[in-house]
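A.B. asks: Residues per chain, in single letters:
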Amino acid sequence: MSARGTLKQKVGRFLVALPPYGWLVVFFLLPFLIVLKISLSELQAAIPPYKAIFAWAEDGILQLRLNFGNYSYLFSDELYALAYLNSLKVAAISTALTLLIGYPMAYTIARSPARYRNPLLMLVVLPFWTSLLIRVYSWMGILKNEGLLNSFLMWLGIIDSPIQIMETNTAVYIGIVYSYLPYMILPLYATLEKMDLTLLEAAADLGCPPFKAFLKITLPLSMPGVIAGTLLVFIPAVGEFVIPDLLGGPDTLMIGKVIWAEFFDNRDWPVASAVAVAILILLVVPIMLYQRNESRAEAK
Amino acid sequence: MGKKWAVFGFMAAALALSAPLAGQAAEEKVLNVYNWSDYIAPDTIEKFTKATGIKVNYDVYDSNETLFAKLQAGQSGYDLVFPSATPFLAQGIKAGIFKTLDRSKITRWSSLDPTMLKAMEIADPGNSHGVPYMVAATGIGYNIDKIKKILGADAKPDSWSLIFDPAVVAKLKECGVSLLDTPTEVFPAALIYAGKKGDSIDKADINAAADQVLKIRPFIKYFHSSKYINDLANGDTCVAHGYVGDLVQARTRANEANKGVHIAIYIPKEGAVLNIDAAAVPADAPHPENAQAFIDFLLQPDIIAAVTNNVGFANAVMPAKALVKKDLQTDPAIYPPADMQAKEFELPLVTPDYERLRTRAWTKVKTGL
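Top to bottom, those sequences are chains A and B. Numbering-wise (the numbering used here), the first sequence opens with residue 1 and increments by one. Numbering-wise (the numbering used here), the second sequence opens with residue 1001 and increments by one.
Since the hints were derived computationally from the structure, they do not count as laboratory data. Careful, some of the hints might be misleading.
What the hints assert, rightly or not - Here are the computed distance ranges between Cβ atoms for each label pair:
id : chain 1 : residue 1 : chain 2 : residue 2 : range
1  : A       : PHE211    : B       : ASP1038   : 53 to 63 Å
2  : A       : PRO48     : B       : SER1037   : 19 to 29 Å
3  : A       : MET288    : B       : LYS1173   : 41 to 51 Å
4  : B       : PRO1218   : A       : GLY141    : 23 to 33 Å
5  : B       : ALA1167   : A       : SER151    : 40 to 50 Å
6  : B       : LEU1349   : A       : ILE281    : 32 to 42 Å
7  : A       : MET140    : B       : PRO1337   : 33 to 43 Å
8  : B       : TYR1058   : A       : ALA190    : 26 to 36 Å
9  : A       : PRO104    : B       : ALA1155   : 29 to 39 Å
10 : B       : ILE1144   : A       : LEU33     : 53 to 63 Å
11 : B       : TYR1058   : A       : LEU82     : 37 to 47 Å
All residues carry an ideal CB built from backbone N, CA and C; glycine is no exception.
Turn these sequences into a full structure, and let the hints guide you.
C.D. replies: Here it is as structure tokens:
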């Protein structure tokens, strides 16, 4: 009886796990393997614009031709490393700003009366109901020299001539912080809301001032949310293409733009794929840190 | 069990249905066109459908690069596309992306301007894959009043110095100068300004061109290949390097808005890049016959003249010129006189290595890296 139960449980578990794994295999692993394959092939002028890496030679021998030249090429020009470092810098600054803005917001929502929390969270998520592209275009309307912000400041008499915000890194930071803010607020809210408030009462009873209690109790207890939010913002921000392309200037060089130039300007799919695989490998490190953090939290 | 067989049955039925379609002699009455944005008259498609009964699905793109990436992936589903003759049509022909046209289906071939056909032969020897659609040089458009205010009342720009002379461009920085966001247009212009050959394929000239652009880089407001149309028309910028047809659209919009922005357009006297956008049929087009019927339709003088009137680009159909609006017909930027025409040149065909160096130099110009 019990043996049958376990078998049933095992089958059940397997079936439950199947759809997410199947999803990942079809929509993540397979596309990645295709990109990896292209990154190891040679450029040619044809449809598709790269040579096959497998070929049947005579006598039924399967030949495998791998071209690692696309990867070694990435080291021959400092452009790729610099673009990657610049992407990390933009992502790091945006993530820090998102945390600084998101934390007080999440804190306020978590500490407001229970009946306001869900409507407030709803407001955080609401912008997602509009396409990202439309939201970024609205920022163009706000930030440009003849835009809302500059006209307003000039109307107030604070400035005489428009401040150049569009086509600078400042605009990119504004765009990224705005677009990714919900990803920071939601995990922070989840941890802050679960926090045991009696701990703060105990601290107050023992004479700890509120700010010190925040630093000693609230902040350390919300660290899982801080880490989750930081990774959720940082990782996609590194590979961000749309926001820097629309809001940034010509000198905003991020890795997404480099891939675009390889793919469209040079029409070199193999090198473009090699850059994409290289970022993925470089991003795996923070993703694995995140995973480790998650499993550690679960163990607790 | 039953479900599984139902799925197989469905797939078999789908296969059975698709097989005879592929082998059919007469094409279904559908045509999938992929053209540049703002590059046709509003009633062209309607008239074609009325004349032939063929339903047209019309999609637009904004760069040769986007078009080419789709075609290179294969199975784009498009029947008719409009790549620039050099380098895109030429490269596509080499890569086997385009079909050889059936000249017997294009009955109006003889009305095409032989000088244009000859010019296209550098991309398409024998004119076997492409038909010239729209033609324009790359020139400069400027805001007449602002330029007079900054450079003096008798200023009458006619040279590349308006965008390449650091002393001049520095003065124009405040009112806004934009360049096209592609090295294939900016580098040849920089080379002719520097007294070199615009269509040079010498690798050393890439750096010479980049250095020339770097001198004026600090004074450039932005690099973009379509935004300048609106900005110049609104008075947000005062000088734009752009395709003449697009500059004509900016001038028209400025006149229509009637807000005191007056735009002048010229092809610099040193010479300029000539762009011919060709109609071509992808090798894997599902409806090549309909595509050729559409090309033939486009060569009707009244049809193509209506396109020119709408988009401001010249066409290569000789009897159509007389039907074009008088102000466009006599505009030397759209229909340049013979001595100017002689100075226009097409972009040379280059190797992938050369392209890589050029893209790299362009990244350096834009980012400083």
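A.B. asks: Checking against the hints above, which ones are violated?
C.D. replies: 5, 8 and 9
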